[in-house]
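Assemble the complex: chain A is given as a structure, and chain B with the ligands must be docked to it using the hints.
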Amino acid sequence: MPIPCSRQCGKKAILKRPKTGHALCKECFFYAFESEIHNTITQGKLFKPGDKVAIGASGGKDSTVLAYVLKTLNERYQYGIDLFLLSIDEGITGYRDDSLKTVQQNKDDYGLPLKILSYKELYGWTMDEIVAEIGKKNNCTFCGVFRRQALDRGAAFLGVDCIATGHNADDIAETVLMNILRGDIARLQRCTSIITAGADCIRRCKPLKYAYEKEIVMYAYFKQLVYFSTECVFAPNAYRGHARTYLKDLERIRPSSILDIIHSGETLQVKEGIKLPERRNCSRCGFVSSQEICKACIMLEGLNRGLPKLGIGKSTKVKRALESIAKDKCNDKCNGKCKDNERIEEKDLEF
Amino acid sequence: MSIESNGISVIIELGGGAELLFDKRKKHSVNLPGNDWTIQKLLFWMKDNLLKERPELFMQDDTVRPGILVLVNDTDWELLGEGNYKINSGDTIMFISTLHGG
Ligand SMILES: [Zn+2]
Ligand SMILES: [Zn+2]
Ligand SMILES: [Zn+2]
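First to last, the sequence lines map onto chains A and B.
By full-length UniProt numbering, the letter at position 164 of the first sequence is numbered 164, and the numbering carries on one by one without gaps.
By full-length UniProt numbering, the letter at position 30 of the second sequence is numbered 30, and the numbering carries on one by one without gaps.
Warning: the hint list may mix true and false statements.
[As the list claims (entries may be wrong)] Straight-line C-alpha distance at most 25 Å; calculated BS3-like pairs for lysine-lysine: (1) B:LYS86 to A:LYS12; (2) A:LYS101 to B:LYS24; (3) B:LYS86 to A:LYS11; (4) A:LYS101 to A:LYS223; (5) A:LYS26 to B:LYS26; (6) B:LYS41 to B:LYS27; (7) B:LYS27 to A:LYS101; (8) A:LYS26 to B:LYS86; (9) A:LYS12 to A:LYS223; (10) A:LYS71 to A:LYS26; (11) A:LYS223 to B:LYS24; (12) B:LYS27 to B:LYS52; (13) B:LYS86 to B:LYS27.
[Claimed, not checked] Here are the computed distance ranges between Cβ atoms for each label pair: (14) A:LYS12 to B:ASN31: 25 to 35 Å; (15) A:ARG182 to B:ILE11: 39 to 49 Å; (16) A:GLN78 to B:ASP36: 50 to 60 Å; (17) A:VAL226 to B:SER29: 43 to 53 Å; (18) A:TYR239 to B:ASP61: 20 to 30 Å; (19) A:GLN43 to B:ILE11: 41 to 51 Å; (20) A:SER35 to B:ASN84: 32 to 42 Å; (21) B:ASP48 to A:LEU276: 50 to 60 Å; (22) B:GLY81 to A:GLY159: 51 to 61 Å; (23) B:ASN73 to A:SER35: 19 to 29 Å; (24) A:THR42 to B:ASN84: 35 to 45 Å; (25) A:LEU259 to B:ASN73: 28 to 38 Å.
Treat the hints as calculated values from the structure; they're not laboratory data.
For every residue, glycine included, the Cβ atom is placed at its ideal position computed from N, Cα and C.
So that you can see chain A by itself, here it is in the shape it has in the complex (with noise of 0.2 Å):
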């Protein structure tokens, strides 16, 4: 037997909306998935007129769907921003290849241009090159602090203003967790907001904050958008996936669990008087840090010395090497890049 959509349009209802238990067809999901976004952007204030914004590009389904959403929305309701398509090339074989063969079919889809830097351009290190000197049991690390800072490396690169992320509401739920769990509260405080930026750095947003997962994923089924999924080469971290695989179990018993943690995380407040770790800009590179030098560089400069542990060992060891790298000048393998990069921040994308 057939369902009636609830919106009692006369058609048969396909999907069972997570946030709201409603049946719905699949035109009336259409508008109710897009409405909802246009609504976060607008009540967000995500964009203004004449706004640059690049959209980062993985060919997952995530960025698929933002970059499909963002151009329909910005044809429908005129916000007047010029899009792109922003993709990180992290050298890894095999692995980029198709995601990027999906970036590329998304830009011809859609009609947006592409940008793909590497991390060999941003860097001077390809993540294949980092395995060979690391290892292959902790290039996670790596691989999630180089990726944290690429983005705003490459829009700050290409002079953009707005770089929009395709961080959906589970993704947003699960770093609420993790964050708790790990008694981050500094990043606790950050990680639900809709907009991050400093004064004179690039905005980063997430226009997909409040789109489940579920309905992300119907969405490009219904649209036939093509999307890129793999497991990362590298071996996921354990602790997350834990985090995760307790959020969809909530979430099956109780779905509107993903929608309260994150309202949970935004009305939490930190008492006063607890101290907060300082934010300050990397003495190197600029960028956004806690420490003195942030963990990229630190990482960078690592690889660059041939010791490269340093950013993954232990932190004494690492203070030390740290007052050996403040006293040093840039060397020469970051061709002053690190000098030329203006002041953004070290973005929450929360690891």
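Relative to chain A, chain B with the ligands alone:
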């Protein structure tokens, strides 16, 4: 078209990375013996007959792992009774993982 107890034929489709557990094949046309099939029964059958690796990434307890979406003839199984849905011959059952890559 009821040919008694000759079984039913269904098309199983996999996407979003779920195919990685099934020999990377996205489409499987299968014949199931008898005609008393629910999706729950099909899940166990798939686990025994089609699944190539890491069953814990496909099933949890007696249902799919949370994060895998199921559609029957392009309709969300949550509208159809989930595991209790009684499969008809000619149905297309799609499994899409939401858990692979972002
Ligand atoms: Zn409808
Ligand atoms: Zn990784
Ligand atoms: Zn730095």
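Checked against the structure, which of the hints given earlier come out wrong?
-> Those not satisfied come down to hint 17.
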